[in-house]
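Novice: If you want the building blocks of each chain, they are given just below.
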Amino acid sequence: MAVDMNVFRGFLQQVRQLPAMAQPTECPDTERVAAVKAVFKERIDAGVASHLEACVHCGICAEACHFFVQTGDPQFTPIHKLEPLRRFYRREKGPFAWLYRLIERDIEETDLEQWQRLVYDSCTECGRCSFACPQGVDIAHMVVIMRRALANAGLIPAGLRAVEQEQGSQGTVFGVGPKQLMAAVEALRVRGYEVPVDKDKADVLVLTATTDILLFHDAMESTVRIMNHLGVDWTIHTCAFEGANFGMLSGYEKVQKAASERIIREAIRCGAKVVIIPECGHAYPAMRWEGANEHGEPLPFEVMAISEFIGRQVMDGKLSLKPIGKGRRVTYHDPCKVGRHGGVFDEPRAVLDALGVERVELPDNREMNYCCGGGAGLFVIDTAERYRALAFDLKRKQVEATGAQSLITACDSCRLSFLAGTDRTQWDRPIESLVELVGQALPD
Amino acid sequence: MRHWWVWVWLCLGATLFPPVHAAGPSTDKVLNPGAELWNEVRGRQAAPATTQVQGRDSQVLVNEWGEHFRDYRRQRFVRYSGYLLAGVVSLLLLYHLLHGGLEVTESGRKVLRFELTERIVHWLLAGVFLLLTVTGVVLAFGRFVVLPWSGPEVFAVIASASKEGHNLFGPLFIVALLWFFVLFVGRNLPRLVDIYWLIRAGGMLGGGHPAAGFFNGGEKIWFWILTIGGLAVSTSGVVLDFPALVEGRNPLVLALVVHGIAAVVLIAASFGHMYLGTLGVKGSLEGMKSGLVDEAWAHAHHVLWYEELNRKAQAESSAREQGQ
Amino acid sequence: MARMKFYCDAERCIECNGCVTACKNENEVPWGVNRRRVVTIKDGERGERSLSVACMHCSDAPCAAVCPVDCFYTTKEGVVLHDKDICIGCGYCFYACPFGAPQFPEDGAFASRGKMDKCTFCAGGPEETGSADEFRKYGRNRLAEGKLPLCAEMCATKALLAGDANVIADIYRQRVVNRAASSLAHGVELQRQKFRATPERERTRTRGSEG
Amino acid sequence: MTVTEFVDGPLWYFALAVFFLGIAWRLVVILANGWRGDLSRPRRSGLTGSVRALFSRFAPAPGIGRRIGLHLTGGYLFHLGLFALLLFAAPHVAFYAERLSLPAWQPMPHWAFVLVSELAFIGLMLLWLNRVLNPVTRLISSTGDHLSSILTFLVMLSGCLALEQAHEPLRVLHFFLVEVLMIYFPFSSLMHAFTFVLSREALGYRYGRRGVPV
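First to last, the protein sequences are chains A, B, C and D.
Residue numbers in the first sequence follow my numbering, run continuously in steps of one, and reach 449 at the last position.
Residue numbers in the second sequence follow my numbering, run continuously in steps of one, and reach 375 at the last position.
Residue numbers in the third sequence follow my numbering, run continuously in steps of one, and reach 459 at the last position.
Residue numbers in the fourth sequence follow my numbering, run continuously in steps of one, and reach 1380 at the last position.
Okay, chain A solo, but in the shape it has when bound (with noise of 0.2 Å):
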């Protein structure tokens, strides 16, 4: 086991402390609502007002969303999560936005407190909601609006908004900076791994996040192994190395723009083909499917998850790894962000083929797959742990149905959520990650 229990209770710890840190916002409580309607007003596009006109209230979203299934609440229905985006829609977008002034009520001050618990409490934008709807109406999608739109009203909840306003401002998550980066980086040097940083031009740009630094050395310990096996012609910048972005997961667009600008700029400057993204989960839709569109124009560049771009030198037989795992029977955990709102489904299989083990599906998999209940920044919300250990118990239960002997997965997030999970329960089945597993699995 790569991560040491005390280190990771230190760090859940320091999670915990979050709220304390945050500073007030700036949005006065008068101006809420006008900054809410601001963004919805924006976002609603044909799609978005499509999705809010085809929904007939049939309920079927609740029985997709892992909070519903545990708990049975009706509060947790994922559509009756973006009702004030409905009501917005209805009373001053709409066809008959003259009809509904009149009958319906406007939104209030209050209406936004009990949804600030809805969209980032109990919703962790994981999509299995829009897989489920028969009218293909797009839940996650509009989640995502709803919380820019709380963001914009200053209502992002004490523990993200923390780690969001120490990414606006000092362009660091949980205090790593470059100096903390090189830090671990030098430990890699001193056991033997040539890293090479900042490099004027490079082919592969790629970028850690903040918890590999923290807690899962071992991935990045692999990561820089399987660059250096492959030979490909890879770079860490100092300057744009956080993959994380948590103006993205806030809703944020300020610090969001401005956290995947940084990226993007160092990697047109060096010239790189591909941008490699950690195993962290939002981190790849936030560069993969949002950058270009914050950026303004489309990037140069291709943008990988590291499951992705092994998986991908796997199938085409450029990496042949050491079937380590004879005998074992695993399960593979779709992150959302990768799997369900990626599309990233067979690269991480192959991988897992190719290490020789006996590798058995979830009861739900792929696309529908559960979320681990720690995404969207759940994580460092600290009144959804409540939430996060309902989803936990879900996916102990799948897990133990396939009999599988370890539960690997892609992404830190869900990674933390696992370990905060077994580690309430003492549950005894391993956390693995699947770029671990590779480097394990490197051929000499």
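Please note: incorrect hints may appear among the correct ones.
As the list claims (entries may be wrong) - Restraint-style ranges between C-beta atoms, simulated for each label pair:
id, chain 1, residue 1, chain 2, residue 2, range
1, B, Gly-138, C, Gly-292, 55 to 63 Å
2, B, Val-297, D, Ala-1190, 38 to 46 Å
3, D, Phe-1172, A, Glu-36, 50 to 58 Å
4, D, Leu-1320, C, Thr-322, 33 to 41 Å
5, A, Pro-368, B, Ser-368, 20 to 28 Å
6, C, Thr-322, B, Asp-108, 21 to 29 Å
7, D, Pro-1228, B, Ile-250, 36 to 44 Å
8, B, Asp-108, D, Gly-1310, 50 to 58 Å
9, D, Leu-1320, B, Val-233, 55 to 63 Å
10, D, Val-1194, B, Thr-329, 31 to 39 Å
11, A, Ala-43, D, Leu-1213, 55 to 63 Å
12, A, Val-365, D, Leu-1320, 46 to 54 Å
13, B, Ala-252, A, Glu-113, 53 to 61 Å
14, B, Met-325, A, Thr-76, 27 to 35 Å
Quick caveat, the hints were computed from the structure, so don't treat them as lab data.
Fair warning: this is a prediction, and the values are worked out from it, not measured in the lab.
We put the beta carbon where it would ideally sit given N, CA and C, even for glycine.
Fit chains B, C and D to the known structure of chain A by using the hints.
Specialist: Relative to chain A, chains B, C and D alone:
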């Protein structure tokens, strides 16, 4: 056994129908050739008649059951079922005025009594039952109750709609009834404790609530009335809805009699059920609406079920503790 | 006022079905419906008799008693008629009628029978007398034209009689008397043989009771 | 002017106008919001995804089916029944031919008509009961949703009661309720009959580009 249904008819209708044709063959001194002919016509010698006209019972010259049917419908069915329904309603009213509804002090804690599917099927059955009752009552009693003040034209529209609605909704009742039966039969099998409950008349005798499981004796009786009565109305209803299934008109008449009697019994019993479910026992309706009942309610009315529930909850929590 | 009745004399009916045809033609009754039919008992045996039956226009009509919508009414001529605009096609009248007079155009699933149709004594219905609606729904109103039902008018043997009950009764009484005279002349035994092939046991008992 | 004349004449044309103009207006306003472009590099074709989503959503998502048996049964019975009745019930076919001057086509036989109505009824009742009894749908349903259910139920009920076509008032009642439904249609969630296509397209396009089978 060509005329098996006559026996069924006789058994079922014995109390309702006095023997009519006691008169034997003519004892007149001089035989009237015409009388001989009409005896023949009435089928007393069971000689088959023929006709070139194709149709239901076209070959039957005189329909012997006709007068019985008229007598049953006008003199007995309408009158006695009217008495029965009015009697049940006034009894319930009297009981409520004298006794009032049962109420227990709420504890505020809720337990799940009926699953969503169970509630949906219950209300599906109840809804269809209500539609059938309203339309059926219009057909049976409308001429005497509605027609006098609505006038024949308006009533004809109501009655025609009722007839079509009744015929269409009937099969839905069968579907709902079967589904309901499958869901609830397990909890409605008679047990010893139910007999005790019935002897104590559900607590009206001897003071205090007698113990009951998930369903008490009374509820189980209602369930079986519903099942057996439902079966009777359903089978007879199918015959009436699909007349091509039987030959001649007598099976249809028989079905109509069975249908009417069973339906009236069901409706009368359902009045009791509706009273107890709403005014009679406070908190019951909530159990069928939200599925949740108050713990105090569960303890007061279904103590054995409540204890079992607690035992299960305890076993589960201890298992969870052991698992951790 | 006259009270209208049919009488079918079984001694005269020759099962020609002329009445049935006449009725269908005159009233243009719908397919599958026969307001009148001829029933033969002991077809091809000794004692064969035929009777033409339709609505007998009962004085105390069972159909009217059981009808759930009360669509029957009796005219001042004693003709039992019904209102098709009110009829719901339930079939109760057919169950109660001693003669099987009420007919339905259909016998389909979900008890779809259509409106009941029966002999009107060629007296139309509640619609305006002589109107096209009346003809479409109920057939010809011959009574209003001062004519009797066509079935009886067409009867070749004058077996089927229609008209004022008193007149018909008189005619029939006359016939019975005439026949009695003729049977006395030919002997009762012969006559009985013709009516009924009585089993030996039955015959003995009947004879015994005759004294 | 009698009620019958009013329902058959002016109200019918008014309902027809509101129905078509309302639908057109609503769709136009939805589309007038424009589509936000996406500059990211697609993994697969978004178009394929949107075509796929249009059809794939007729079946429950994998793993969801076992949790929504009631929705599925009710939904399919009701919708299939409704379309069969709308298009192939003999009185409706005759109506289209007479009032809308469409060429008449082969209607379904009476027994099938009745059978389909029964199934559609069970479906609608199941859906409606679920809406009222399921805590989830009870929370998220608006007055409009209940109104839609009730109106649809009344239209179907009056249609069944008028099945015999023997009593003009019943036909007029059915006709009147249909007109009310037609007038209500563009303002209500019944519009999902059209908007579901747009919604599925949007979702299918978004995820199709990402290479996720929707």
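Novice: For every hint, state whether the structure bears it out.
Specialist: Consistency of the hints with the structure:
As the Cβ distance of Gly-138(B) to Gly-292(C) is approximately 57 Å, the hint placing it in 55 to 63 Å holds. For the hinted restraint 38 to 46 Å between Val-297(B) and Ala-1190(D), the CB-CB distance of approximately 54 Å leaves it violated. A hinted range of 50 to 58 Å for the beta carbons of Phe-1172(D) and Glu-36(A) is consistent with their spacing of about 53 Å. Range check, Leu-1320(D) to Thr-322(C): about 40 Å between beta-carbon atoms, so the 33 to 41 Å window is met.
Roughly 26 Å separates the CB atoms of Pro-368(A) and Ser-368(B), a value that falls within the hinted 20 to 28 Å. The hinted range of 21 to 29 Å is satisfied by Thr-322(C) and Asp-108(B), whose Cβ atoms lie roughly 25 Å apart. Taken as a hint, the range 36 to 44 Å is violated for the pair Pro-1228(D) and Ile-250(B), whose Cβ atoms sit roughly 55 Å apart. Between Asp-108(B) and Gly-1310(D) the beta carbon distance is about 54 Å. The supplied range of 50 to 58 Å therefore holds.
In this structure, Leu-1320(D) and Val-233(B) break the distance hint of 55 to 63 Å, their C-beta atoms being roughly 31 Å apart. The hinted range of 31 to 39 Å is not satisfied by Val-1194(D) and Thr-329(B), whose Cβ atoms lie roughly 50 Å apart. For Ala-43(A) and Leu-1213(D), the hinted distance range of 55 to 63 Å is not satisfied, since their beta carbons lie about 33 Å from each other. In this structure, Val-365(A) and Leu-1320(D) meet the distance hint of 46 to 54 Å, their C-beta atoms being roughly 52 Å apart.
In this structure the hint that Ala-252(B) and Glu-113(A) lie 53 to 61 Å apart at CB holds, the actual value being about 55 Å. Remark: the range hint 27 to 35 Å for Met-325(B) to Thr-76(A) is upheld by a beta-carbon distance near 34 Å.
Comparing the model with each earlier hint shows violations of hints 2, 7, 9, 10, 11; every other hint is respected.
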